[in-house]
Amino acid sequence: MRNPLILQSAFLQEVGELSRFTARFFRELVKPKQEWEEFINQCFWVGYKTLTLVGITAFIMGLVLTIQSRPTLVEFGAEAMLPAMVAVSLVREIAPVITALICAGKIGSGMGAELGSMRVTEQIDAMEVSGTNPFKYLIVTRVLATTIMVPLLSSVANAISLYGGYLGTNLRGDVSWSLYWFQVFNSLSFGDVVPSLIKTIFFGFAIGIVGCYKGYYSQKGTEGVGRSATTAVIVASLLVFIIDLLVVQITDLLDLT
Amino acid sequence: MQTKDPIVLVEHVNKSFGTNHVLRDFSMAVETGENLVILGKSGSGKSVLIKCIIKLIAADSGKITVLGQDIDALDEDQLNTWRADIGFLFQSNALYDSMTIRENLLFPLRRHWTKEKREKMADQAILEALEDVGLAHTLHMMPAELSGGMRKRVALARALILRPKVILYDEPTTGLDPITGREISQLMIDVQKKYNATSIVISHDLNCINMIANRIIMLIDGKNYASGTFQELEAATDPKIKAFFE
Chain A
1 MRNPLILQSA FLQEVGELSR FTARFFRELV KPKQEWEEFI NQCFWVGYKT
51 LTLVGITAFI MGLVLTIQSR PTLVEFGAEA MLPAMVAVSL VREIAPVITA
101 LICAGKIGSG MGAELGSMRV TEQIDAMEVS GTNPFKYLIV TRVLATTIMV
151 PLLSSVANAI SLYGGYLGTN LRGDVSWSLY WFQVFNSLSF GDVVPSLIKT
201 IFFGFAIGIV GCYKGYYSQK GTEGVGRSAT TAVIVASLLV FIIDLLVVQI
251 TDLLDLT
Chain B
1 MQTKDPIVLV EHVNKSFGTN HVLRDFSMAV ETGENLVILG KSGSGKSVLI
51 KCIIKLIAAD SGKITVLGQD IDALDEDQLN TWRADIGFLF QSNALYDSMT
101 IRENLLFPLR RHWTKEKREK MADQAILEAL EDVGLAHTLH MMPAELSGGM
151 RKRVALARAL ILRPKVILYD EPTTGLDPIT GREISQLMID VQKKYNATSI
201 VISHDLNCIN MIANRIIMLI DGKNYASGTF QELEAATDPK IKAFFE
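Chains A and B are the protein sequences, given in the same order. No gaps in the numbering here: position 92 of the first sequence is 92 in full-length UniProt numbering, and each next residue is one more. No gaps in the numbering here: position 242 of the second sequence is 242 in full-length UniProt numbering, and each next residue is one more.
Please keep in mind that the hints were generated in silico from the structure rather than gathered at the bench. Note that the structure is predicted; figures quoted are calculated from it, not measured. Treat the hints with care, as some may be off.
Quick list of the computed label-pair ranges, beta carbon to beta carbon [as the list claims (entries may be wrong)]:
# : chain 1 : residue 1 : chain 2 : residue 2 : range
1 : A       : L29       : B       : E103      : 51 to 61 Å
2 : A       : L253      : B       : S98       : 37 to 47 Å
3 : A       : L7        : B       : Q91       : 31 to 41 Å
4 : A       : W45       : B       : P178      : 40 to 50 Å
5 : B       : E128      : A       : L7        : 49 to 59 Å
Sample of chain A residues lacking proximity to chain B, with all beta carbon distances greater than 12 Å (derived) [as the list claims (entries may be wrong)]:
#  : residue
6  : L7
7  : F11
8  : C43
9  : I56
10 : G173
11 : D174
12 : S187
13 : I198
14 : F202
All C-beta atoms in this analysis are idealised placements derived from N, C-alpha and C, irrespective of residue type, glycine included.
From just these sequences and the hints, can you work out the full model?
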């Protein structure tokens, strides 16, 4: 078993390195000459290529949540509250977090493995030798893409999961399309939608920066590539929950709930 | 150290990784048009040295001057511009997996050519570079579709596309069969003649070294241990040098 002091020191060192990496991201971001073509390419990969997975998961989530919530609400005679309860649960918490976790798994690991493989096969060095700033070309574009696309994916997940909720409501009940959506929008307020959207921006940033950091500094050959991909998913998923916790606390403090 | 016309000048360079002192007060000078081979054991710091020359790795101390430019005095933008004159052939080829061969060769032009110049001349330059290495037909193929020797040739074409004045080769024949190794060595000689470039080659393939080297530097214990032609070093009585040629 490793000495706890060594583990603590390694953890602090990792946090310090990640902070430096993040600071460098912002420095490179404000420098002129952005790699727009690669950014659009990354938006396509992050957004479009994850859309199906996010959509299917969101639909099932909405459907299952509605079906499982119904008996409890029926017991308390509050069946009419079903669309409102499902809407608040999905929009405030479930859809953003599940979307972020899917992205952490798919995009975070993908970036960790791709950049790690580029590192160990000297492709990143080759970019540097050819006069291209690899940090700007590879990291800034990817982190920006996740920061922008995860909130968009989360918004799509909200809509699809609410549609799943509509189908779930009508499996055993009879709520019209217009009444369902009226109840959904009537139950949602500024404090439900905006903090939820803001936290997905942070989720996207965390997924991008961790995936890129782990891949960019990958070591020890192919074994290191696998390790980069795995740790990228673990750290990004953990950060998603920590950010979620912080946003909930801040929202609560600001009385936005 | 004084030579007639040093295009690359390395003076008293030191480089350590933790307690591992890889380069110890290493100095050398390379003249324009020379084919210099650096010979040394695996892990002796040969790759570190050429990565210091192109500033992929920063030396701990000492001075490196390439094309009359002290590389430590260059800011990031100047460094990237300066790198247009240096070609680098990586040991692993370092072709971009996700790009076609055409895109691989186009990549260095993005930074150094204007958009207008790229639109007018890039396709011709790419084709010419591929023709130089005998692989014009691979233009739209992916690196994974090529054999090891072909990948090495494409990597060489990419290193040449900007017509560099200095070309650095990191173990160009490692992992290739002897016939392909000889073909690559001959290609390096042809390229040197056509572009009149200066070459610094890291290798321990004696066939390759015998074919291409004007001069050899022995890198032993992190130092410039000996220097001479292939024949001079082959005839040396020093056991450390003899060990390489036996």
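Verification of the hints:
| no. | hint | verdict |
| --- | --- | --- |
| 1 | A/L29 x B/E103: 51 to 61 Å | violated (25 Å) |
| 2 | A/L253 x B/S98: 37 to 47 Å | holds (45 Å) |
| 3 | A/L7 x B/Q91: 31 to 41 Å | holds (35 Å) |
| 4 | A/W45 x B/P178: 40 to 50 Å | holds (42 Å) |
| 5 | B/E128 x A/L7: 49 to 59 Å | holds (56 Å) |
| 6 | L7 | holds (21 Å) |
| 7 | F11 | holds (21 Å) |
| 8 | C43 | holds (16 Å) |
| 9 | I56 | holds (26 Å) |
| 10 | G173 | holds (50 Å) |
| 11 | D174 | holds (52 Å) |
| 12 | S187 | holds (45 Å) |
| 13 | I198 | holds (33 Å) |
| 14 | F202 | holds (29 Å) |
When the structure is compared with the earlier hints, a violation turns up for hint 1 alone.
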